[in-house]
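Here is how the chains run, residue by residue.
Number of protein chains: 2
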Amino acid sequence: MIAGIELGGTKTVVAIGDNDGSLGEQFRFPTTTPGETLGQAVEWVLDQGLIDSLGIAAFGPVGINREATSYGKMLPTPKEGWSDFDLLALLSKELPDAPIILETDVNAAVLAEVTMGAATGCSNVAYITIGTGIGGGLIVDGNILHGSLHSEFGHLNVPRHPDDDFAGLCPYHSTCLEGLASGPAISKRWGTPGHKLPADHPAWDMEAWYLAQGTLSLLAIASPSRVIIGGGASQAEGFHDKVEAHLRRLSAGYFSTLEENQPYVVPPSLEQDAGIQGALLLASRASIAEG
Amino acid sequence: MIAGIELGGTKTVVAIGDNDGSLGEQFRFPTTTPGETLGQAVEWVLDQGLIDSLGIAAFGPVGINREATSYGKMLPTPKEGWSDFDLLALLSKELPDAPIILETDVNAAVLAEVTMGAATGCSNVAYITIGTGIGGGLIVDGNILHGSLHSEFGHLNVPRHPDDDFAGLCPYHSTCLEGLASGPAISKRWGTPGHKLPADHPAWDMEAWYLAQGTLSLLAIASPSRVIIGGGASQAEGFHDKVEAHLRRLSAGYFSTLEENQPYVVPPSLEQDAGIQGALLLASRASIAEG
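Note that the protein sequences, when read in sequence, are chains A and B. Heads up, the first sequence is in our numbering, so the first residue is 1 and it goes up one at a time. Heads up, the second sequence is in our numbering, so the first residue is 1001 and it goes up one at a time.
Hints are supplied without guarantee of correctness; some may be wrong.
[To be verified] Here are some, though not all, of the chain B residues that point toward chain A, as calculated from beta-carbon distances under 10 Å:
1. Ser1022
2. Pro1171
3. His1173
4. Ser1187
5. Trp1190
6. His1201
7. Ala1203
8. Arg1226
[Claimed, not checked] Here are the computed distance ranges between Cβ atoms for each label pair:
9. Phe27/A x Ser1022/B: 41 to 49 Å
10. Glu1260/B x Glu260/A: 33 to 41 Å
11. Ala245/A x Tyr1071/B: 25 to 33 Å
12. Asp200/A x His1201/B: 45 to 53 Å
13. Pro1184/B x Gly232/A: 38 to 46 Å
14. Glu36/A x Ser1022/B: 54 to 62 Å
Don't read these hints as lab results, they were simulated from the structure. Only a predicted model underlies this, so the values are computations on that prediction, with no experimental measurement involved. Ideal Cβ placement from N, Cα and C applies to all residues, glycine included.
Sequences are here, hints too, so could you generate the full structure?
Below, the structure is given as structure tokens:
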């Protein structure tokens, strides 16, 4: 038996599963303080029995680079009480015999989608999730990309849509992708939350244009063969087709990768299970690595 | 003995070296047709004696993804006579006993800089080169990033500088990074080639701003811990400091990677030898892989 924890900004999911990564029972509860949240997760896991390994998919920014001193810790975050909290230290103490692998939630989600979801069998895939913020994860040449920290697609600078005069709302950069295209940005620009805007509202064409700009940056830097876009704001009817159309117009035939892969922009197929499923796949890898 | 070929758009360099990748004699000549150019390179190599392996650093776009049918071939390129030419087929025929590794010229250059140059020991590094076009190469978690094709930093879309009304000159995207910041873009915008513009000319501040935007995109996607900027237009006095200053202003303290790595933007240290040195390092890897 293995276990996974999906640590989200507002809710936490903990699950057990088989050593092959298949998903068993789950338990969901609100994320509160780090000690209380991880305590609840560990208690539930221990109640299920002995586990071989643990995978964690955490909201970011979080230290996932094993060579850095920040490995295992939450990095400075506006979420109160979480900055610098050492996730790995607490979990290793509570579960001393289980190897533990930590990733960002979006890295775990893209791992799950590549293993058993919308990008099965692809070696180069990006996952963009649009919610309160905009997050990203990348599989490059078959491996999860870490770099010196991890991807932060939300803070990509993008050109401004010619019809957009919204000031943007990223506290750091105003008009980065997150500042112009996150759920709160849609809500503030149009005065109505995204889920109340009809599918033919101009908000969606503009939103798709911004996501196409972000996807174009991914193509120019990491050259994925597929891009998955998920999260609340991606669920408007026909949204992925709109992004695909803008992307093809903006790229103007330059990227052969786009010609060879149609459709290029797809929705996730594991939906809300992707994060916890990814956490279990990480646990499965940890278990295999330990023999 | 091993050999390397740096196949450039205008000139070709061929060199021999030791199995550890150290650089020996070189021969330089103009790039003409593919058959003639590679023929000259092979003839020179054969005159030096028997080689164990060959590394090639080629201008792009070129197929470097071993899983793709385009592997080893030039992709559609405006350079006459080169589109679809199968480099690897010709070289394997002429040098049937030597394992051959093919990379883009910028990937080879970043490999050399990471192995023995401006980013020695770094696991996550990007190299941007500003010349007739803008090229890029990436080392991610210690490996050269391929993706489904390879990086094309030049075709990143970037915000427009507020004081810039230049139309851009990329035939595909007008105002991508290459369209706004390549050597010919500087020349056309200011009516004077870059090498004739003094270091205090406003051209350099604008050029640095655009490169800072491109670097910011790299940070948000691949999270390198250092970015090397080379090529003609980067040689203006104080240019790297200007990019660094813009980058820090634009990123507004968000990326902890920037705080931990100062300076973040550096010039290459191998200069014009980086490409051929990288080709030899590739040959050295091929030689080791074959035992």
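Which numbered conditions among the earlier hints are violated in the structure presented, ordered from lowest to highest?
Hints 1, 4, 5, 6, 7 and 9 contradicted; others consistent.
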